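Use the sequences and the hints to build the structure in full.
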Amino acid sequence: LPAHDITLGLLAGGRGSRLGGADKAWLMRDGKPQVLRWAQRYPGEHGPVLVSANRDLERYAASGLTAVPDRMVDRGPLSGLDALATACATPWLFTLPVDLVGTNDCLLRTLISQRGANGAFACDDDGPQPLVALWRCDALRTACADAFEAGEAAVHRLAQRLDLARALFSGFRFGNLNTPEELR
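Residues in the sequence shown are numbered from 338 upward in steps of one, following our numbering.
These are computed hints drawn from the structure, not numbers from a lab. Everything numeric in this text was worked out from a predicted model, so none of it was measured. Even for Gly, the Cβ is constructed at its ideal location relative to N, Cα and C. Incorrect hints may appear among the rest.
[Unchecked claim] Derived DMTMM-like pairs (lysine to aspartate or glutamate); straight-line CA-CA distance at most 25 Å: (1) Lys-369 x Asp-442; (2) Lys-369 x Asp-393; (3) Lys-369 x Glu-382; (4) Lys-369 x Glu-395.
[Stated by the list, open to error] Here are the simulated distance ranges between beta carbons: (5) Ser-507 x Leu-394: 37 to 45 Å; (6) Asp-442 x Asp-342: 15 to 23 Å; (7) Pro-428 x Lys-369: 29 to 37 Å; (8) Ser-400 x Gly-439: 19 to 27 Å.
This is the structure:
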């Protein structure tokens with residue numbers, strides 16, 4: 338897939354409740370906010386960058402990022418995927434949560450090479466990571482609408498519904514920054 342056919346979608350719409358309400362997108366690691374770390378992580382491998390965010394939208398704009406708020410409230414990450422898919426103007430959407438600890442250099446290339454008709458998601462040593470994924474955008478839009486209508490909110494069910502291929506990353510953990518201990 339050519340880079341201009343892929344939008345990077347960063348999921349930053351969470352409440353950060355386990356971090357005392359902190360906005361995970363702007364958590365500093367090694368002197369850089371998480372959202373900027375991920376927006377700049379794969380230069381040349383994707384086209385536009387979108388951020389699913391529900392607060393401080395001006396802050397994203399000031400950093401040169403396009404933020405899109407959830408259209409459906411209180412539906413968790415599914416709402417973020419829906420917002421990103423709706424705003425995405427390319428055929429493919431590569432998603433990453435902003436609270437990831439790390440990824441490997443070949444992540445996007447591996448998802449591309451192992452994708453099925455509707456995309457692929459990563460599986461690390463902790464198991465399936467359906468938010469670390471490459472989605473065919475038109476299929477994702479339809480699947481999100483179907484999930485909302487069925488009252489489903491689980492992203493792993495969305496990946497099953499779309500029959501996404503599994504891309505295995507053995508010997509690797511993406512990790513999450515969910516607690517103050519994990520941030521340290």
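Violated constraints from the hint list, given by number and in increasing order: none
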